[in-house]
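The hints should help you fit chains B, C and D onto chain A, whose structure is shown.
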Amino acid sequence: MMKRYSDYPVATLKEYGYRDYSKMKPVNKVLKTILAYVLILGLYLSIIVIAIESFNSSTSMSRFAGFSLEWYPNILQEEDLMTAIAATFIVSLIATAIATILGTFFAIGLYAMNKRKRQQWMLLNNVPILNADIVTGFSLMLIFSFFNQFIKMVFVGLRGDWSLFGPTTLILAHLFFTFPYVVLNVMPKLKETDPNLMDAAMDLGVKPFKAITKVLIPAIKAGIFAGMLLAFTMSIDDFVISFFNSGELNVNLANGNQFIMNFDNLSVWIYGVLGKRNLSPSVYAFSTLLTIFTLVALIGYQMSKNKKDKGRVKVKK
Amino acid sequence: MKKLILAIAIMLIATAVVSCSSGPTLRLLNWGEYLNEDVIDAFEEEYGITIKQTVASSNELFYSKIVSNTTAYDLVIPSDYMVEKMVEEDLLLELDYSLIPNKDLVTYMAGVDDIYASMTATTLARTGETVDYSVYAVPYFWGTYGIIYNNRVDGLEEALNEYGWSVYFDAETYFPDASRGMYDVPQDAYATALIYLGENPNDYSQDLLDSAQTILQNAHFSQWADDALKRDVEAGNLDMAFAYTGDYLDRLYIQLDDGRTLEEVQADFNIYVPDPTIVFIDNMVIPYTATNLDAAHKFINFLLDPEIMALNAQSVGYAVPTEEAYDVIISYLDSEDSYLSSWAYANQTYYNKDREGTYYPMTSLPSTFVDDITTMVDAVKVSS
Amino acid sequence: MNSLYRRLAIPYQVWLVVLVFLPIMAVVLIAVSNLTTANFNLSDISFSLAHWNDLVENQSQVDGEYFNSYLTAFRNSFMYASITTIVSFIFGYFLAYQIKQSRIKNKFIILTIIILPMWSNLILRSEALRNIMQENNIIESILGFNILPSFAGTSYAVIIGLLLTYMPFMILPVYTALEKIDDALGEASLDLGLTPFKSFWKVTFPLSLKGVVSGSIMVFLPTFAGFAVPKILSNGTILLIGNVIETKFTYKILNIGSLLAMLVLFVILGSILILTRFDKEGETLL
Amino acid sequence: MATKKPLIELIHVTKTYDEEHVVNDVNLAIYPNEFVTLLGPSGCGKTTTLRMIAGFVQPDDGEIIINGKLFNNLPPYARPIHTVFQRYALFPHLDVFDNVAFGLNNRSWDYLLNFFGEEKVTAEAKELANGKDVSKRLIHKVISKKIESSVKEALALVKLSGYENRRIDQISGGQQQRVALARALVNKPQILLLDEPLAALDLKLRQNMQYELKEMQRELGITFVFVTHDQEEAMTMSDRIVVMKDGLIQQIGTPKSIYNEPINRYVAQFIGESNIIPGTYIKKDLVNFLGVDFACMGYTFDKGESVDVVIRPEDFDVVELDKAKLIGKVTFSLFKGVHNELEVEIGDTTLLLHTYESYEIGQSIGISIDPYEIHMMKVEVNE
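Going line by line, the protein sequences match chains A, B, C and D.
Counting in my numbering, the first sequence tops out at residue 317, every number present.
Counting in my numbering, the second sequence tops out at residue 384, every number present.
Counting in my numbering, the third sequence tops out at residue 286, every number present.
Counting in my numbering, the fourth sequence tops out at residue 383, every number present.
Simulated from the structure, these hints should not be mistaken for lab results.
Check before you lean on any hint, since a few could be wrong.
To be verified - Derived SDA-like pairs: lysine to any residue, alpha-carbon spacing no greater than 20 Å straight-line: (1) K107(C) x N306(A); (2) K204(D) x K336(D); (3) K280(C) x Q120(A).
If we strip away everything but chain A, and leave its shape as in the complex, we get (with noise of 0.2 Å):
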């Protein structure tokens, strides 16, 4: 209870017309509080049960043998999943690159544009995102056989079995809803600057497109890494659309030899061994490696930027 200085009564919130709900409060909160951390364990739940399995000596699924840790280094040792991890790591890489930094300049000439039109482009922007992965898969790999098919014809002396299918596609696909995700998250951010801004930085005798560079990007840049963040997840993730879309690197080497190397992402690669086989708990290990990589990281992150706040205040007082 409150120091009192005074003795004037207390007033209540019945004399004001409310109930007073106030002795239900800390109730409310816990029961909220453990919906939210409910929810959340939800969530992650699925990624526990990956980390245990990732955890168990025998390779059943159902059945926890014993602690061991043999399918960490085990990863290493599994070429095809190795080249699935590659495989996936390269596409979604190069994918997230490409969208973030041409995305970026897309957003930005899209958001040139006078409004109604922007908000067309917009529109079909969204399609990519909002429209059924299968479609978008089956309909994409439909295009790319064409494609194939045609550069075939116009290219007769290509080797026999070239094909455009591999990375070429898988990363063209992954592009296409990809790119949709950093020019959404992108396009808010942009809203947001200062319309002066450009002009500003021009007035200051900075060419159009350094301006973009140095004035610009920087006032995005919360955007621009939601949007590449969205974009890789989406990317690693993907199943359906790669699904469709994958095939083989395959390239000439100089010494006449060919290089060649499978390029089913990891979720395709999974998909293809559940049918008809066991995998091993070397997937789980890589699946848990890069949940705790990721949230060590983020919780890094955040701690350094804890650190960096406070010695800003301090510099201020």
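Chains B, C and D only, in chain A's frame:
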């Protein structure tokens, strides 16, 4: 951003270094974990040919990979009906047996010959043409389908041995509380239903389709899946499921690896192979896309060697197609290595070369039939 | 802004037109023609409504009752997508609101924590969920008891699976919308005599509607047309339209598959139209 | 005024954020029908004080008394207080009418009956019923009508009649400000809190609003608690000004007394421009600064005590050199319209002067000061 590009570059270089290969390559389109690493090493060492394997999970994927010609595969290992389809569509090259001398040293098991004969017969019935499939294909592994069951359910084993297919399909009469799983391949479901009816599983008519639908509905399947079936029976979450015998052996070997005995595993879950049953045979064939014919023939020849075939079988768990390879496996019965002796024992139990039975390989049905069967199976699922 | 910048969008405009319209046209073409494989043979193409008739006339009989299994699959899709959307709206809104109340400043962190599970493979995640919904599972083998009732294969399992997979798509747009609401508005309504409860319904909720619509569509569409999660968690016993389409494509029954895909496209188109009424530029999409 | 009962009392009110006293032991009484302004630079705790009165912020210590009752634990919605927010906080999803009606529309039945007078409402309902039974629906109808007319009245008061159906983003900043005002006034609050409501308006509009606000306050008889950092605004409108700095109240008084008799250097400097010159209190009515003795009035200090002398720039008289008490050299001169601003150097002290005549730079001028224009403050030890 610079860091990102750097990271990509490093990844690219790293993967290039990891998977860079020199010398001729054999591009093999195969099922997952269907080729013993030791065999690959032996082959690569002997011939200096690098094997690049691509894994696909269904015959249909094999087919589409060949048809779409996205990669030029030198050797594919499709199953029986897909071989029929591929031959029919002229996707396969004839084998040059002069490059496969080992073929003369081995004898195919009786069952394998039956299967090839049956394939020829179905093709004849359908197209009026007589095709000798051994011209295009050399058997890789073969296997039966069976009913994998949860042996912790009292009386199930005895009932299966006594009444066979009925226990699995007639859910109202036998073990109404038991959970049943079916392979999630429409044609497999259709074929098993026909076998239960005493029909040839490769026949097709509207009446048969309707009867099959009734049978499948009455089985009240609680699960339609692929790989999950065997794992669920193993864990005791499912009581009966249609499965490859090889799938059972696969789980069996894993449990043996974990230190359990054959009897213990069989007491948990076992497989019953009905008669008649469906069989499959996976075959080495050379698709028209092949660029390295020499390597493909060498590989086929290499695998026909009984020792190599037995070695390959060690990690796979399906039946070897030649009597010579079978004998090599059986010779391990008295091995001191308990794993090898169990393996030999399992082969003797589940793949005995003297086993008599009627085996039906499944043929490739015309796409309109497949469409109808798929729709029928979807209707069964929807109505459950 | 400089009109020069407008030129930056031109490549993207071409890209969007080519890769949005052409593929959809191709699907429509296959749906209403006699083309059968991915290899076009445009010389002897002809228009055909046969697939549509197949679709409409499809009849299956169970216990004397006739039904169209495509229609049932569509109905299933609607039902599961609606339930998932409603439930994830309730919980997702709640969670987004709690995060907003918690005053965590860094949106990047929230974004990452919510979407991090998506970095693990969807099939693995669904299998993991299915695993622990079974009677004998890995957690049971450790703890000796089950944390979830064993309802693998039931519609509950499917809904829980869909919910846990797609709820982030509800949380993020709602959070974005909530974050954009000026705190002063809530204070103003309290100041004008509204209790916090009433203030929420009169101010916060209407203003977050944009995010709710976006989130609902982001949850509804993938659940409506998806197939992996329902397939795994229902043990293959519950068919959504996505499962039917997947089967058709797998077995190369392209015409009917495309026709069904076209019908799904109509649903998606409708959703996009709804979305544009509330959120013209999709600002609250992910 | 002292005999009146205060409407709001703040007793030892303290608020701490991050170990920093944002509001530090504030004691303040606000009386009915008073226009009180909290004045200070940003970060001085004036807004926090206002928010504690409104109920958005809980004090860490001390009491907030409204109408003779302790209100610390009551949420904002239960307080007979309304606020006009700095950036108006209008509801973007509602039009002008619904914004203004928002408070009344969401009140309980009993509250509204009481607000419009139960007897009046039933009487009107009876009239409408035409002899039939008065149903609850009918009363509801009457109340709705009453709300409508109240809203229209309020909009008329802020001169926005006819804008009812406009969307919030369709009206100008000044109009938004008026809507915010109407939204608060329509509820007939006893106390209206205004948090820098004019800050976002341009100069002309701001000056107009200052007069209008003051008028309204006088006419409606509502107590206004006004927060601003603009001393001119405070001077124009307020009955009393509370000058704050670093969470502490520096001085409370009428605009005039604060201007003329700043209690310390800070207040003197914050309120208008002033010259603060160190001096010595010699004896009653005599003070010495800049080496010269000046007659002064009304201050009592210890004899010989050091004091700060405050002289407003307009209070200097420029006189002929021979009559001058001080002579200085003009170092800077700027024409400001009404007056000239001069900087005059006397020794090493620079004084700021406002004169009506202009003087050249370099020119020597004589200065004298009337005794009543000389203000003195205690010297602050800390500074």
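Outcome of the hint check:
A distance of roughly 14 Å separates the Cα atoms of K107(C) and N306(A); the hinted pair therefore holds under the 20 Å criterion. Of the supplied pair hints, the one linking K204(D) and K336(D) holds, its CA atoms being roughly 19 Å apart against a limit of 20 Å. Taking the CA atoms of K280(C) and Q120(A), the gap is near 9 Å; set against the 20 Å cutoff, the hint holds.
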